[in-house]
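Work out the full structure: start from the sequences and follow the hints.
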Amino acid sequence: MKANYLILFGVLFLGITSAEAQKKKSLTLDEAIHLAWEKSNEVNLANAKVTTKKFELQSVKNHRYPDLKASAQYQRLTKAKINLKSNSSDSESDTKAPNVDQLVLGQITANLPVFSGFKLNNSIKVSDNLLQAETANALQTKEETAMKVIDYYVALYQAEKTVELLNENYKSAEQRVKDFTELEKNEIVPKNDLLKTQLQLSKVQLSLDKANSDLNVVNYELASLLKLDPNTKIVVSESDFSTFEMNNIPANENPALENRKDLEALRYQEKASLANIKVARSSYYPSLALIGGYTTLDLKNVVNVQNAMNFGIGLSYNISDIFKNGTEVKIAKSKAAEIQNTEIMLTDHIKIQVQKALEDYDLSVKQNQVYTQAVDQATENYRIIKDKYDNGLADTNDLLEADVEQLSAKINKAVTKTNVIQKYYNLLAVTGQLNQTFNLSKI
6 MKANYLILFG VLFLGITSAE AQKKKSLTLD EAIHLAWEKS NEVNLANAKV
56 TTKKFELQSV KNHRYPDLKA SAQYQRLTKA KINLKSNSSD SESDTKAPNV
106 DQLVLGQITA NLPVFSGFKL NNSIKVSDNL LQAETANALQ TKEETAMKVI
156 DYYVALYQAE KTVELLNENY KSAEQRVKDF TELEKNEIVP KNDLLKTQLQ
206 LSKVQLSLDK ANSDLNVVNY ELASLLKLDP NTKIVVSESD FSTFEMNNIP
256 ANENPALENR KDLEALRYQE KASLANIKVA RSSYYPSLAL IGGYTTLDLK
306 NVVNVQNAMN FGIGLSYNIS DIFKNGTEVK IAKSKAAEIQ NTEIMLTDHI
356 KIQVQKALED YDLSVKQNQV YTQAVDQATE NYRIIKDKYD NGLADTNDLL
406 EADVEQLSAK INKAVTKTNV IQKYYNLLAV TGQLNQTFNL SKI
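So the number in my numbering is just where the residue sits in the sequence shown, counting from 1, plus 5.
Because the hints were derived from the structure by calculation, they are not lab data. What you are looking at is a predicted structure, and each value in this text was computed from that prediction instead of being measured. Heads up, the beta-carbon is just placed ideally off N, CA and C, and yes, glycines get one too. Treat the hints with caution; some may be incorrect.
[As the list claims (entries may be wrong)] Quick list of simulated restraints, FRET-style, between CB atoms: (1) E179 x D353: 53 to 63 Å; (2) A342 x I296: 19 to 29 Å; (3) V222 x T377: 21 to 31 Å; (4) K66 x V240: 20 to 30 Å; (5) L117 x T347: 32 to 42 Å; (6) A77 x M350: 34 to 44 Å; (7) D156 x V240: 13 to 23 Å; (8) L351 x K54: 39 to 49 Å.
Printed below as a string of structure tokens:
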């Protein structure tokens with residue numbers, strides 16, 4: 006009796022473990038993309054960089070405020086030998102030195118920059134443009150992450166459909182082997198025909214095993230990207246493909262040149278580099294500041310100063326910068342030229358990307374049309390060959406070949422249908438319009 010309880014417990018435990026291992030999660034494409042934006046390490050890093058740039062901008066702006074410093078000292082002095090001399094008469098007369106054993110000093114100083122060769126204003130422009138550039142880079146990272154999710158999601162759907170079609174074909178092939186086994190026993194068909202059906206069943210089994218392996222790999226990669234449990238089986242939403250509509254299909258590179266965030270980031274970097282040239286030139290000018298201070302001093306038995314206030318204007322100019330700063334200006338100009346050339350190169354690369362994406366999309370549409378017709382043709386061909394085989398007008402090779410062609414046509418149709426959607430999203434991505442599709446700007 007005790008053994009029966011143990012067996013029952015073991016069965017229940019295995020059932021629970023199996024259920025946990027096969028945990029499923031249904032996700033639409035939109036949900037998967039938004040989940041990636043929340044969990045992706047790349048997106049989190051991009052957001053952190055934007056936050057850093059915000060703090061850097063605030064730090065530069067803080068330089069507009071005055072520097073206010075306060076200091077205080079209390080010192081015990083050793084008994085020093087002090088000789089005080091007085092000039093009250095023509096001859097020097099010695100006076101008795103006071104006992105000096107402590108010093109108390111307190112100071113407050115203020116410095117407000119008024120003019121620094123426009124360095125501060127241009128430094129703020131540099132930091133502000135770098136913040137805008139980093140923000141654009143973050144949006145570009147999110148678009149790239151979204152496209153990565155789309156690629157995995159489409160691949161997962163294609164793998165699921167392939168497995169589904171292969172399973173159906175495997176059942177048909179298995180039944181064919183059973184039928185041919187009985188026919189061979191009754192000597193209606195030669196053993197060679199039975200072996201051919203068995204060989205086809207083995208090939209379908211190999212294809213099915215490979216398809217299941219591909220499905221598991223893609224599922225694992227997508228789950229990892231979305232930071233889900235690796236054992237989670239992601240269930241693709243059929244409606245994302247069956248009711249999909251493609252609107253506002255780009256026709257040229259103009260939308261890309263207007264909307265691409267990586268190009269926008271370079272443009273902001275170029276503005277920052279031009280402002281940085283002005284920052285470098287600021288060393289040619291003098292610096293002007295308002296200064297003020299308050300001092301209190303007590304040197305015991307010698308001097309006592311209270312409420313000593315001062316204010317005025319401070320002017321400084323590093324004359325050596327006239328000769329040295331030219332190199333810094335040249336460096337700033339060279340960096341600006343680097344960014345300008347990078348922008349030109351990226352613009353050319355974007356044009357190529359858009360042209361390729363347009364060609365890929367047009368090709369996928371044409372392939373989908375061809376494979377849709379091919380399914381009807383392959384199905385009708387199999388029906389005709391099957392009739393001929395049943396009437397002894399076609400051999401087993403013809404039947405099996407027609408079956409393979411029908412399976413291949415169905416798989417190609419399932420794959421190319423989603424390829425059109427994938428290439429459409431890729432076209433939106435290279436033209437910088439993917440964010441509008443999934444409300445990227447709200448993330």
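Now for the hints, and whether the structure bears them out:
E179 and D353 have their C-beta atoms about 56 Å apart, which keeps the hinted 53 to 63 Å range intact. The hinted window of 19 to 29 Å between A342 and I296 is violated, with their beta carbons roughly 40 Å apart. Evaluation of the 21 to 31 Å hint for V222 and T377 yields a pass: the beta carbon distance comes to about 28 Å. Distance hint for K66 and V240: a CB-CB separation of about 50 Å, inconsistent with the stated range 20 to 30 Å.
Distance hint for L117 and T347: a CB-CB separation of about 40 Å, consistent with the stated range 32 to 42 Å. At roughly 59 Å, the beta carbons of A77 and M350 sit outside the given window of 34 to 44 Å. Checking the proposed 13 to 23 Å range against D156 and V240 shows it holds: the Cβ atoms sit about 18 Å from each other. Roughly 19 Å separates the CB atoms of L351 and K54, a value that falls outside the hinted 39 to 49 Å.
Violation of the numbered hints given earlier is confined to hints 2, 4, 6, 8; the remaining hints are satisfied by the structure.
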